[in-house]
Amino acid sequence: MSDTHSNTAAYVRDTMIPQKAPPTGQVGAVRWLTENLFSGPVNTILTLLGVAAVYFLFVHLGPWFQNSIWNANSLAECREILDGASGACWGVIKDRWHQLLFGFYPQYTDPAIISALTGVDLATAKGWGDASVEAEKGFGVVFRYWRPSLTFILMVAALVPVLFDAIPRKALWFSAAFPFLAFWLLWGGSIWFPVFAMMGFAVGYIAFIALQRISSLAATVGAVLAPVIWWFFLAEPIGDAVASAIPISLVPIQSHDFGGFMISIIIGVTGIALSLPIGILLALGRQSDMPLVKWICVGFIEFIRGVPLITLLFTASLLLNYFLPPGTNFDIVLRVIIMVTLFAAAYMAEVIRGGFAALPRGQYEAADALGLDYWKSQRLILLPQVLKISIPGIVNTFIGLFKDTTLVVFIGILDPIGLSSAIRADSNWNGIFMELYAFIALCFFIFCFGMSRYSQYLEGKLKTDHH
Amino acid sequence: MAMTSEPSGSSFRLSMLIYDTRYRSITIQILFLFLFMAGFAWLVDNTLANLAQKGKDINFGFLGSRAGYDINQMLVNYTNDSSHARAWIVGLLNTLVLAVAACASATVIGVIAGVLRLSKSWIVSKIMTVYVEIFRNVPLLLWIIVIFAVLTEITPAPNAFRGENPTSSMFFFDSVAITNRGTYLPGALFDRSLGDINLGIVSVSTNYIVLIALIIASIWGYRALQRKAGVVQEATGVRPVTWWKSALILIAPTLIALLAMGFHLEYPELKGFNFQGGSYLRNSFIAMWLALTLYTGAFIAENVRAGILAISKGQTEAAFALGLRPNRTMNLVILPQALRVIIPPLISQYLNITKNTSLAIAVGYMDLRATLGGITLNQTGRELECMLLLMMTYLIVSLMISGAMNVYNNSVKLKER
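So the protein lines, in turn, are chains A and B. This note's numbering numbers the first residue of the first sequence as 1 and each following residue consecutively. This note's numbering numbers the first residue of the second sequence as 1001 and each following residue consecutively.
The following block holds chain A by itself, in its conformation from the complex (with noise of 0.2 Å):
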C-alpha cells in the first residue's frame, strides 16, 4: 500500500517533525500577564486603577515607613531627627510595648535575681528612661514580667495538643490543669485555692464511677452534687489546714492592675473555651422536643443577639450588683468573662443550629435505628458531624469574640486601647497615635488571622468526601 502510495503522492513526510515552541504570547511571563492582567477592555482598566491604588499607597505611606525612628524617648525628639520629613516614630512602641501587652501589671524587681539575668544592675538604674536599663528593655521584661510570660508559655504548651492531634493524647491532662496553673500564676495567692478547686472535678469523677455500679441515674446526680459539697463546704476549711501546714503562695495582684493585650487574652481564650460548650448546650436546647426547655433557650438566644455587647458590658458594670445578694461585690474581670462567654455562647448556638440543619435527616434516623439514646446519639453521631459543618462558622465566633474584647475599655479595663490613650496623655508622647495604632492592629491582626487559617487547616484535615 505504502509503495502505492509513495508512487503517487509527490512527498511523503517519514519523520516527525520537531514540536515548535508556543508563540510567544502563550508562555511565560506575557502569558501570564496576558491572561492575569491584561484579558480584556475592562481588566485592563480594572488592573490600571489596582496598580495607581498601589502606586498611591506607596508613595504616601513609603517615605513614612522609610523614615522609621526607633531610638527615641519622645516625640519631640522624633521631630527633631526626622527635621519636617514624614516619619514613623516607633520608639514609643519601643518605650512603651511592655505596657502595652502587660498593662499596669506589678513588675518584678529583685535587683539581684534581675541583674543575674540581664547583666543589668537595677542599684545605679532609675527606670526605664535610664541608660542602663536599656540594654535590658528587650529581653529583661520577661523576666520583670516572669509571671504573665510564664502563663503565656505554658498557654502556648497547653494550647498545642488541643490544636493538633500529633501530639500524645497524654499531654492534653496538662491542658486540662492548666486553667487553674494560669490563675494561680496570674491572680497570685496561695497555690491550695486552684488546687482544692480543681480537685472539685475529681470527687464529682470518683462519685461518678463509685455510683455508676449502683445506677447511672444516681452516678449523674453524685457526678454533679459531689462537687458541689466539696466546693462549698469542704474545700474551704481543708485547704485552710492544708495552706497553713505548707504555705505556697505568690503575691496576690488585684484584677485592676491587669491591662494590655494580656487582659484581651485572658478574656477572649477563657471565653473562647467556655462559650463552645455553653453553645452547644444553647443548641441542643433550642432543637429540643421538649417545649419548656425549647422557649427558654430561644428567648435566652434572641435576647442575647438582640441586643448590642456593650449594653451587657455596661449591665456587668453598673447592675450586676443589683441582681447579687446584698454585699456581694465580685472581680470586674471575671464579670466581664462572665458577659462576654453569654453572647457568644449565643451566637455560637445558632452557629451549631445552623449545622444541625445541614445535617442530612438519615443521620438523625440512623442514630435512632441503631438504638442509641438521646446523649449517645448526639455524642457518637450527630455533633462530631455538626461540629464539623460548623467550623467555620464557630472560628468566625471566635475572632468576632477575641475582637470583641477592645470593648472592655468603656467600662474601665485598660486594654491596649485604653492604653494607647494612657500612652498619648503622657507628656513625652502626646500627639503620637499612628505608630501606636498600628502596633494593636498588628498584633490583633496575627492572632485573627492566625484562627482563621487554623480553621482551614483543619476544615482540610476533617474533610471526608471526595470531589
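Hints may be right or wrong, so weigh each one.
What the hints assert, rightly or not - Far from chain B, by Cβ distances over 10 Å, these chain A residues were calculated:
1. 187
2. 236
3. 245
4. 353
As the list claims (entries may be wrong) - Cut-off 30 Å, straight-line C-alpha distance, at most; resulting in silico cross-link-like pairs (DSBU-like, lysine-lysine):
5. 1126(B) <-> 461(A)
6. 294(A) <-> 1054(B)
7. 463(A) <-> 1120(B)
8. 1313(B) <-> 463(A)
9. 388(A) <-> 376(A)
10. 1120(B) <-> 1313(B)
11. 463(A) <-> 170(A)
12. 1313(B) <-> 461(A)
13. 376(A) <-> 463(A)
14. 461(A) <-> 388(A)
15. 463(A) <-> 388(A)
16. 388(A) <-> 1413(B)
17. 1313(B) <-> 1413(B)
18. 1245(B) <-> 1228(B)
19. 294(A) <-> 388(A)
20. 461(A) <-> 376(A)
21. 1126(B) <-> 463(A)
22. 1413(B) <-> 463(A)
23. 376(A) <-> 170(A)
24. 388(A) <-> 1313(B)
No lab work stands behind these hints, which were simulated from the structure alone. Ideal placement from N, C-alpha and C gives every residue a C-beta, glycine not left out.
Fit chain B to the supplied structure of chain A, relying on the hints for placement.
Frame of chain A; chain B shown alone:
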C-alpha cells in the same frame, strides 16, 4: 402457652417519671422550669433587697422630666428644656440614621469588593483580598478610633483655608470643606417653601414630601410605559420606541418641581473662625460611618463572593446552551439564585451594623446609648430603668430587622415538596 405481658401503663409507678420516656420529658421540663423560676426569683429578690437598701424604687417618671443637656446632632426639635423621653427619641433617630447610612454604603462597598475579588485581574483580586483580610481581622473599635484620629488630627483647621495663599483648599469647585471640626457640604435650600407638616414628634418639610411623591410617581409611570410597550411587542412583534418618553417621565416632573420651588444649593463659606452655611457633618458621625462601612463592607464582600461561588458553573453553561447572552444569564439565572444565598447573611450584617452603632461611645456621637444610656442615666441615677429601656429599644429594632429577614427568607425559599 402464649405469654402476653400486660402493658404496665394501667398501673402508674413513681419510678416511671424517670425511666419511662413517656413521662421523663415532663419530669425534666418541670425540674427545668422549677430551677429557672428559682433562679429568676432569686435575682428579683436580690434586686428588690438591693433597691430597698439604697432607698430606690423602680419608677419611669424621670422620662417626663426636663433633660437639661444639649445634643449636638438632632433630626427632630430638641432643646435642653425637652424631656428625657424626647432625648431618648433623638438618640434613637441618630442611631437609626447612622445605621441606615452605613447599611447602604457598606452594601455598595461590599458588593463591589466581593465581585472584584473574583475578578480575573490578578492585582485587583489581590488588593481586594488584602482589604477584606485587613478589615476583618482588626477590631471595629480600633478602626473607629483610627479614622476619628485621622479626621481630627490630620485634616486642616478652618483657619488653614484663610488668606491669600491658604495652606488648604476646598474640594469639588469650592463646595466641600474637610476640616478638623467636621465636613461642610453644600446644603439644599428652597426659595418658595411649601411649609412644614407636623407629625407629632417630627415636622417634615412639605417640599421633600412633594419631591419624594413625584419620584415615586415617575417610577410608577415609567414601569407602566414599559409594561405597555411589552404588550404591544407581544401583539405585533415590534417594540415601540420608548427611550425619550421614559427619560421625560423619569426626569421632567422632578426637574419642574425643583425649579418651581426655587431649589438652589447653599455653599459653605469661611466666615469668622469657622465655615458657615451649607450642611455640616460631624467628625464623630463621619468616623462612625466610614468605619462601619469599611468594616462591614469586608464581611459583605465575603458573603457576596460566597453567594456567587455557590452557584455551580453548570448553571452558567446551561444558560449559555439555551442561547442566553451573558448579560441575561447574569440577570435571569445567576443573580436570582445567588441572591437567595447572599441576602440572609447580608441582613444579619445589617443587624450587626445596627448593634455596632453603639460603639459611638468611642467618638462621642450622640446615639441612643449616649443619650438614654449615658447622660440620662448619669443625671437621674436610674441605672436599672435606663438599661432596661436601652436594651428593650435595641431588642425591638433588632427583632424588627430579623422579622423582615424571616419574611424575605420565606418568600424566596425554594418550595420543597
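Hint check results:
no. : hint                : result
1   : 187                 : holds (26 Å)
2   : 236                 : holds (22 Å)
3   : 245                 : holds (37 Å)
4   : 353                 : holds (13 Å)
5   : 1126(B) <-> 461(A)  : holds (26 Å)
6   : 294(A) <-> 1054(B)  : violated (37 Å)
7   : 463(A) <-> 1120(B)  : holds (28 Å)
8   : 1313(B) <-> 463(A)  : holds (22 Å)
9   : 388(A) <-> 376(A)   : holds (18 Å)
10  : 1120(B) <-> 1313(B) : holds (16 Å)
11  : 463(A) <-> 170(A)   : holds (25 Å)
12  : 1313(B) <-> 461(A)  : holds (26 Å)
13  : 376(A) <-> 463(A)   : holds (23 Å)
14  : 461(A) <-> 388(A)   : holds (10 Å)
15  : 463(A) <-> 388(A)   : holds (8 Å)
16  : 388(A) <-> 1413(B)  : holds (25 Å)
17  : 1313(B) <-> 1413(B) : holds (21 Å)
18  : 1245(B) <-> 1228(B) : holds (12 Å)
19  : 294(A) <-> 388(A)   : holds (24 Å)
20  : 461(A) <-> 376(A)   : holds (25 Å)
21  : 1126(B) <-> 463(A)  : holds (27 Å)
22  : 1413(B) <-> 463(A)  : holds (28 Å)
23  : 376(A) <-> 170(A)   : holds (24 Å)
24  : 388(A) <-> 1313(B)  : holds (26 Å)
Checked against the numbered hints listed earlier, the structure breaks hint 6 alone; every other hint is satisfied.
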